[in-house]
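Next come the chains, spelled out residue by residue.
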Amino acid sequence: MRNEEETQLRYDAIDLLILMCSKSPRIAAQVGGFKQLIDSVIDPSLDGYRYDRISHALMLLINDPRIRIFFRPVVDLNRIFAIFTRPDGVNKDP
Amino acid sequence: MKPVDLKDTMTGYLQNFLTRLHNVKKLCTVEKYEEHVLKVLREQTITIIESKAVEVFQLLKAIMLVRNVDRSIREKSIRGIKMLLKLCPAANAQLIESKIPVFIIFILEREFKSSVVAKERQQCFKLISAWLTLCPDTFPLLFA
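Going down the list, the sequences are from chains A and B.
Here the first sequence is numbered in my numbering, starting from 27 and rising by one per residue.
Here the second sequence is numbered in my numbering, starting from 20 and rising by one per residue.
Here chain A stands alone, though its shape is the one from the complex (with noise of 0.2 Å):
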């Protein structure tokens, strides 16, 4: 039970971030809000609430413009592109 109750108040703060990230994305950029929710997507213990919750939030908060100058290009997205690049001086796929 206690549990499900943690599980149910992290499913909201989650909810609640998304909604601070489209809302006042500014404060969100100033608190870290758009690394956490980067780190959402890709924590394991999310799974089948991250893909269509934060994954699609994510989508719709990179496509606006106001909201897009917030993002780290190196910071926060190469976490996610990470998987797609090599490091520098390594010439085959590990």
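Hint data in this document are derived by calculation from the structure and do not stem from the laboratory.
The reader is advised that the hints may include incorrect statements.
List time: in silico BS3-like cross-link candidates among lysine-lysine, alpha-carbon distance up to 27 Å [said to hold, decoys possible]:
1. Lys58/B x Lys71/B
2. Lys101/B x Lys49/A
3. Lys49/A x Lys105/B
4. Lys118/B x Lys49/A
5. Lys105/B x Lys61/A
6. Lys61/A x Lys145/B
Note that the structure is a prediction, hence the values are computed from the model and not measured.
With the hints as your guide, set chain B onto chain A.
Below, chain B alone, put in the same frame as chain A:
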């Protein structure tokens, strides 16, 4: 402002307050009235809330600080603030002035990982969500 008698407050005042807020909400959205009547009703409601907002917020703040009582009282007080904010979004200035965000964060932060306070936290989340939806320009950094 008169001193608050918390015993009276706990035994029904808060419930009546919430019921009346529900009635006002219904009155403002009921379909049998015409648009101009609804407009006047809304304006009257906003005027009443704005004139008494500071006193009501002080009272609700005092309730939120009470310890060792039924937790639903604290939850109801947060719900009351949320409903007032929804009825009159202009009350956010008084909310900040009354330092309500500090108390909301106080409730959210304490007794970590306890299922006892889950309902209070849900209400806090709902209040923050309502604030973000209705007046994102004045959203306090403290909530973030």
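Status of the hints after comparison with the structure:
1. Lys58/B x Lys71/B: With a Cα-Cα distance of about 20 Å, the restraint between Lys58/B and Lys71/B holds, given a limit of 27 Å.
2. Lys101/B x Lys49/A: holds, 18 Å
3. Lys49/A x Lys105/B: Judged against 27 Å, a Cα distance of about 17 Å means the pair holds.
4. Lys118/B x Lys49/A: This hinted pair holds, its Cα atoms lying about 22 Å apart.
5. Lys105/B x Lys61/A: Status violated; Cα separation ~30 Å.
6. Lys61/A x Lys145/B: holds, 23 Å
In this structure, the one hint that does not hold is number 5.
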